[in-house]
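Enquirer: Listed here are the chains, written in short residue letters.
There are 2 protein chains.
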Amino acid sequence: MPSSLRKLPFLLIAVTLFPALLLAQSTPPTHPLDGLKTQEYWTVYDVLHASGKMEPETSVHSVLLHEPAKDKVLAWKIGEPIPREAEVILLHKGVTIEALVDVANHKLESWKERMDVHAPLIEAEFHEMGEALKKDPQVIEALKKRGYTDLTAIVCFGEPFGYFASPELEGHRIFFGECVDGHGVYTGWSRTIEGLLFEIDETDKKILKVIDDGPIPVTHAPVNYQDLETEAFPGTTPIGVSQPLGPSFHIKGGEVTWQNWRFRFRLDPRLGPIINQAGILDGEHFRSVLYEGSISELYVPYMDPADGWSTRVFIDAGEFYPIGGVLKPLSPEVDCPSNAVYFGNLINDDKGIPVMKSRQACLFESYSGEPAWRHFEDGEESGSAARVLVLRTAAVIGNYDYIIDWRFERDGNLRVAVGATGIIETKSVKAKSATESGGHPMSGAPDEFGHFVAENTIGVNHDHFFSFRLDVDVDGVNNSFMAMRLVKRQLDNPMRKSIWVAEPSIAKTEKDAMMDIHLDRPAMWHFINPNVKGPLGYVTGYELMPGTTAASLLDPDDGPQKVGAFSTHQLWVTPYKQDERFAAGVYPLESKGDDGLAVWTKANRPIENTDIVAWYTLGFHHVPRAEDWPVMPTMWHDFVLRPFDFFPRNPILTLPPAP
Amino acid sequence: MPSSLRKLPFLLIAVTLFPALLLAQSTPPTHPLDGLKTQEYWTVYDVLHASGKMEPETSVHSVLLHEPAKDKVLAWKIGEPIPREAEVILLHKGVTIEALVDVANHKLESWKERMDVHAPLIEAEFHEMGEALKKDPQVIEALKKRGYTDLTAIVCFGEPFGYFASPELEGHRIFFGECVDGHGVYTGWSRTIEGLLFEIDETDKKILKVIDDGPIPVTHAPVNYQDLETEAFPGTTPIGVSQPLGPSFHIKGGEVTWQNWRFRFRLDPRLGPIINQAGILDGEHFRSVLYEGSISELYVPYMDPADGWSTRVFIDAGEFYPIGGVLKPLSPEVDCPSNAVYFGNLINDDKGIPVMKSRQACLFESYSGEPAWRHFEDGEESGSAARVLVLRTAAVIGNYDYIIDWRFERDGNLRVAVGATGIIETKSVKAKSATESGGHPMSGAPDEFGHFVAENTIGVNHDHFFSFRLDVDVDGVNNSFMAMRLVKRQLDNPMRKSIWVAEPSIAKTEKDAMMDIHLDRPAMWHFINPNVKGPLGYVTGYELMPGTTAASLLDPDDGPQKVGAFSTHQLWVTPYKQDERFAAGVYPLESKGDDGLAVWTKANRPIENTDIVAWYTLGFHHVPRAEDWPVMPTMWHDFVLRPFDFFPRNPILTLPPAP
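These protein sequence lines map, in sequence, to chains D and Z. Counting from 0, one number per residue, gives the positions in the first sequence under numbering that gives the first Met the number 0. Counting from 0, one number per residue, gives the positions in the second sequence under numbering that gives the first Met the number 0.
Among the hints, a few may not be true.
The list cannot tell twin chains apart, which means a pair is met if one copy fits it or any two copies do.
[As the list claims (entries may be wrong)] Only pairs whose alpha carbons sit at most 27 Å apart, straight line, appear in this in silico DSS-like list of lysine-lysine:
| hint | residue 1 | residue 2 |
| --- | --- | --- |
| 1 | 144 | 204 |
| 2 | 429 | 144 |
| 3 | 431 | 532 |
| 4 | 591 | 496 |
| 5 | 204 | 133 |
| 6 | 487 | 510 |
| 7 | 429 | 532 |
| 8 | 496 | 208 |
| 9 | 487 | 601 |
| 10 | 487 | 591 |
| 11 | 496 | 601 |
| 12 | 429 | 487 |
Keep in mind the hints are simulated off the structure, nothing from the lab.
Could you put the whole structure together from the sequences, leaning on the hints where they help?
Expert: Shown next as structure tokens:
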């Protein structure tokens, strides 16, 4: 029974005594893009149960706000009825069901059985077959061969196939299972029993295969990072942020105003933070920049051909719906500074019942002592210190912690940063170290596909790719994408042979806008409003400036790459479609890659002077190092949306020197 | 008379009254890599004057510490005599002179006339021909044609040729001259009188050519950024850094210790901050990482073929020796936070007399509320907040302000960041705006080679390239460079077609180590000590992780590109040579590109298991935008040196949660 249900009796008593509490929990939505509220989750629950379609085995795999079409949101005004729908994914005896609930009108709008897709995995499924595995004679025998007779501390579970790895997956929920040896430790990371794998049919509740590649002792590399004696370096003095009069942002009806920015955000159980209707307050006038921005998908393929590793490819946002959602709590004064304000969030459990999770996001003003601009002239220094508003969350998907920052800067920049930390995935090997094996990866070495991070412990090579969906609306809905290519030009000049010139071209269709980064063929990526001109005659625009990133090296027709095909290009641009939100499709679990960015864009649709959406791929390759063990120092990657001819001049020049 | 000399009478009085003051000014050096001290500048002055070689026309163009050979520095111990030499560049009637002064022994070691090179330009030369220009009948006529009869507010000056642009430069210091219309403004930026150019022979003090391409009215775009009414956004609350017990770094004998870092720095008049002997305090044991790190050169080519613009190519560190050096003062609480400590610096004037400049660098601990690492597991959050030590300077070269940060992180990362701000170079054009001209750059448009940033004002396209010289000494002097290439491998696996593997290769010679960034052929750049292994059997190392950067698009045999040839590759590795310090050579002014990185590496010298130096090119292309006017918001670029198997495990895991 989920812990949330156990709380209900208390709640009922409390309500009797304090009716205001129920009222507080029933806060109605104030805007069409608000996250689902307590009473709305319950409406979804009640509507589904009243439909007569729910059975005891039906599990609720995801309940998400179904965003109204953009034109409806933009036309909506305070005081008008708020359109509210929820999209629900359910699973009944292996069959995925899509339901749409009209929350505002307490109505089941649709109920569709989908034989061709797989609902995202929920945590219960991980463990469901665990106990069964431990009772299987073949598994018992295999564990015995490895010296495990007391199975109390052995934890077995299934992990998803992030792509259609084999024809036997057709129509079934197949997981690859493995066991962890928890004896002597309090956390199971690094303790996987390598060489012992299972294929589990979660649909038919059957163990399909036990693959025993022979015993490999489980590493004893200490993964402890919590129970350590900590000590500051000698002489460390306290340091902090001082903001005695409190923050200078304001939140009303879910709308954040801060300095020259205004935006909304909600915390989506699948995608994490979703920014909406972000724009600039230009005096009295609000100028839109980004209708919506969020992560759209993650793709984390591992690079080891061994059984159980070759298929280890995570499509983290869409294939798995963890308890409490993708976001996990932030730790005050560790993850956010002391001047941060925290936000809780509601999410459903596997019955569809809402659970409140605290500290899922923090919002704070950051001052790091950098100049926002400066100049020295004739002995005089001028300038102004920078201040930034940061909306921070941490998405934790098992081992990895991804800190996701949306940073609003007063010069109009909107910087998105991802900090990767947490625990790397490791495998135990017989070789103790690279000394024993000859050092540095080479064919046949135990570290051919990774790197020793501790004795008998290989951190396995892998990639991280994030697709960011950025529904840009620069000064309005209709935008175009303009690639400004810097092209060498030969000169007929005795003093100078060559320069480069900027050659703009408007992308007419999606294929024109598939952009790859090449240092020898640079291009600037501009999102412009062809219908709005600034005082200098240029269309207003925002530039997407990539940070360091990576492209996938895998075969385009490799199973995982078909699902994570968004990693093929660093930028894609599509026309806005209400249902195109997930770069690897709605159902990436066991996907054949038949949905998502690479599929939609095959139509090569027109994208000129229309409502367009940018998809930026932020990626990095990861060869682990000793310093990444047992927890990685945070590594940041970012990209920036920056105004380009959006303002008539530098917008921060009239700010005082103090931040 | 330089303002420093005017201070002398006061000083003499003060000395009589307070002998301690003179003592204070005569602080002796404590280490061979200290910057030159007051008394040492005077020793250089006295030795040069005592030699009988100085004449009234001889100007001092640069006085720099001549670093002892590295083996001598490493062998030197406290208490031993400190080797001190100064390298001086002088100019006498157009002839460049190189002098080497043994400061410790008050001796002129060498005096060489160099007919083949040009001493860097000094500020006096800029203006020397200005008054002459204003008296030239042709110039008077050209100015009159433009309506200028009162020349009081007209300022004319010469600008350097950053490369050998034409055969007539041979043996002469030739500048291209222009005039600025200062009427009605207090600063001359953007007020250049376009279409009127001069070629000036500074050697023979002659005006060679007056080029009149016809009048173009000077723009009236407001460049004012100082005399503005500033106002914070409504509701802005104060924010600051709080470090009530003061900083936790210590400086003794020029050596900074902070947390697990130790390093020295000096402020070089030509190169700005130079970091020395930086390394990690691993318990009692000091482990070297970087013997020396600094900017080595800058290369800023403009991209406009017009007269006076095609040759506008700045090699900022080497071609120009500004009054007060390349660094300019930092403004407290604008450029650095309130907990910063500031450092002054001595530099010579054009007589060789030392001048004290204040607030040339700041050092502070930065806390921005980010986790250094974190993990969420089983309902528990763990982590530690980050704290960083920042050494900041601002190099101001005319219009541009480059903030240069060396950021020391406790996980062993050393991050180098360059923030570009200041004023863009603009030209006046007849067209008022892009509306008038048809919008967006195209052939023949007034903004073909730039972008309107204000009415009648084009921000001209250009590049910025920085060469960072990084004398890596990971765990000792002898290192190797290892490129770890990530290479696709096809698999014979029914479930997975492809992975990538990491293929290390040690660069044997300089050509093996010329690295270019390609997303489809990624490589990690490791500097390893092949003689020191960590507990896991790997050699210890540091990885250089590039940030976003750019490669030059110019023809390799184009004049400017021959001088700025370091921009051809993103990484170079050379064997350590005491005299190879400047990536574009010692004398880039009017250079034919016959010195510097691209020339030295033609020898393709061995670089394996020897003392090596890495040269990283940080670059970016710049198409100005309206928001860059009249002062640019700071744009940051960075790269990181990070430990890779240098520590046996994550070195920050035993730090407490608080920063």
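Enquirer: Confirm or reject each hint.
Expert: These are the hints, each one checked on the structure:
Taking the shortest Cα distances, residue 144 and residue 204 sit within 27 Å of each other inside one copy (25 Å), while across copies they are farther apart (93 Å). Proximity of residue 429 to residue 144 under the C-alpha cut-off of 27 Å is restricted to the intra-copy arrangement: shortest distance 16 Å within a copy versus 87 Å between copies. In this assembly of identical chains, residue 431 and residue 532 lie within 27 Å of each other by CA distance solely across copies; the values are 15 Å between and 65 Å within a copy. Within a single copy, residue 591 and residue 496 get their C-alpha atoms only as close as 52 Å, which misses the 27 Å cut-off; across copies the closest is 14 Å, which meets it.
With identical chains, the CA atoms of residue 204 and residue 133 are at most 27 Å apart within one copy only, with a shortest distance of 14 Å there and 94 Å across copies. Taking the shortest alpha-carbon separations for residue 487 and residue 510, both the intra-copy value of 24 Å and the inter-copy value of 26 Å come in at or below 27 Å. Only between protomers do residue 429 and residue 532 lie at most 27 Å apart by alpha-carbon distance; the minimum there is 20 Å, versus 66 Å within a single protomer. For a Cα distance limit of 27 Å, the shortest separation of residue 496 from residue 208 across copies, 22 Å, qualifies, whereas the shortest one inside one copy, 68 Å, does not.
Taking the shortest Cα distances, residue 487 and residue 601 sit within 27 Å of each other only across copies (26 Å), while inside one copy they are farther apart (31 Å). In the homo-oligomer, the alpha carbons of residue 487 and residue 591 lie at most 27 Å apart only across protomers (22 Å), although the nearest pairing inside one protomer, at 42 Å, exceeds that limit. Proximity of residue 496 to residue 601 under the C-alpha cut-off of 27 Å is restricted to the inter-copy arrangement: shortest distance 23 Å between copies versus 42 Å within a copy. Proximity of residue 429 to residue 487 under the C-alpha cut-off of 27 Å is restricted to the inter-copy arrangement: shortest distance 26 Å between copies versus 55 Å within a copy.
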